Amino acid sequence: MEAETGSTMETGKGTNRGIRIALALFIGGTLVLGTLLFL
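Under this note's numbering, the residues of the sequence shown are numbered 1 to 39, in order.
These are computed hints drawn from the structure, not numbers from a lab.
The model shown is predicted, which means the values in this text are computed figures rather than measured ones.
Backbone N, C-alpha and C define an ideal beta-carbon position, used for all residues, glycine too.
Just so you know, not all the hints are guaranteed correct.
Claimed, not checked - Across the chosen pairs, the derived CB separations fall in these ranges:
(1) GLY12 with LEU39: 36 to 42 Å
(2) ASN16 with LEU36: 37 to 43 Å
(3) ILE19 with LEU39: 29 to 35 Å
(4) THR15 with LEU36: 29 to 35 Å
(5) GLY12 with LEU33: 36 to 42 Å
(6) THR35 with THR15: 29 to 35 Å
(7) LEU37 with ARG17: 27 to 33 Å
(8) GLY34 with LYS13: 38 to 44 Å
(9) ASN16 with LEU37: 39 to 45 Å
(10) PHE38 with ARG17: 29 to 35 Å
(11) GLY12 with VAL32: 28 to 34 Å
(12) GLY14 with GLY34: 29 to 35 Å
Work out the full structure, taking the sequences as your base and the hints as a guide.
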């Protein structure tokens, strides 16, 4: 039980980190494309 709860918490943190990284990459890519199109 303890190992299961620990792994669930770890996966939750992993997904949150993945979502943050995905959002950062998406925002960064949008800014780069926006500047290239604007210039």
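Status of the given 37 to 43 Å range, CB of LEU36 versus CB of ASN16 | violated (31 Å)
Given the range 29 to 35 Å, decide if the beta-carbon distance of ILE19 to LEU39 lies inside it.
-> Holds - the Cβ-Cβ distance for ILE19 and LEU39, about 30 Å, lies within 29 to 35 Å.
Indicate whether the distance between the beta carbons of THR35 and THR15 respects the range 29 to 35 Å.
-> At 30 Å between Cβs, range holds.
Holds or violated: 29 to 35 Å for the Cβ distance of GLY14 and GLY34?
-> 30 Å Cβ-Cβ, so the 29 to 35 Å window holds.
Cβ separation of GLY12 and VAL32, checked against the hinted range 28 to 34 Å | holds (31 Å)
Distance restraint hint 36 to 42 Å, applied to the beta-carbon atoms of GLY12 and LEU39 | At 41 Å between Cβs, range holds.
Just tell me: holds or violated, for the beta carbon distance of THR15 and LEU36 against 29 to 35 Å?
-> holds (31 Å)
Assessment of proposed distance window 27 to 33 Å (beta carbons of LEU37, ARG17) = Since the Cβ atoms of LEU37 and ARG17 sit about 30 Å apart, the hinted range of 27 to 33 Å holds.
Outcome for the supplied range 36 to 42 Å, where the beta carbon pair is GLY12 and LEU33 | With Cβ atoms ~32 Å apart, the hint is violated.
Is 38 to 44 Å right for how far apart the beta carbons of GLY34 and LYS13 are?
-> For LYS13 against GLY34, whose Cβ atoms are near 31 Å apart, the range 38 to 44 Å is violated.
Evaluate the given range 29 to 35 Å for the C-beta pair formed by PHE38 and ARG17.
-> holds (31 Å)
That 39 to 45 Å hint for ASN16 and LEU37 (C-beta), does it hold up?
-> violated (32 Å)
Violated hints, listed in ascending order, are 2, 5, 8, 9; each of the other numbered hints is respected by the structure.
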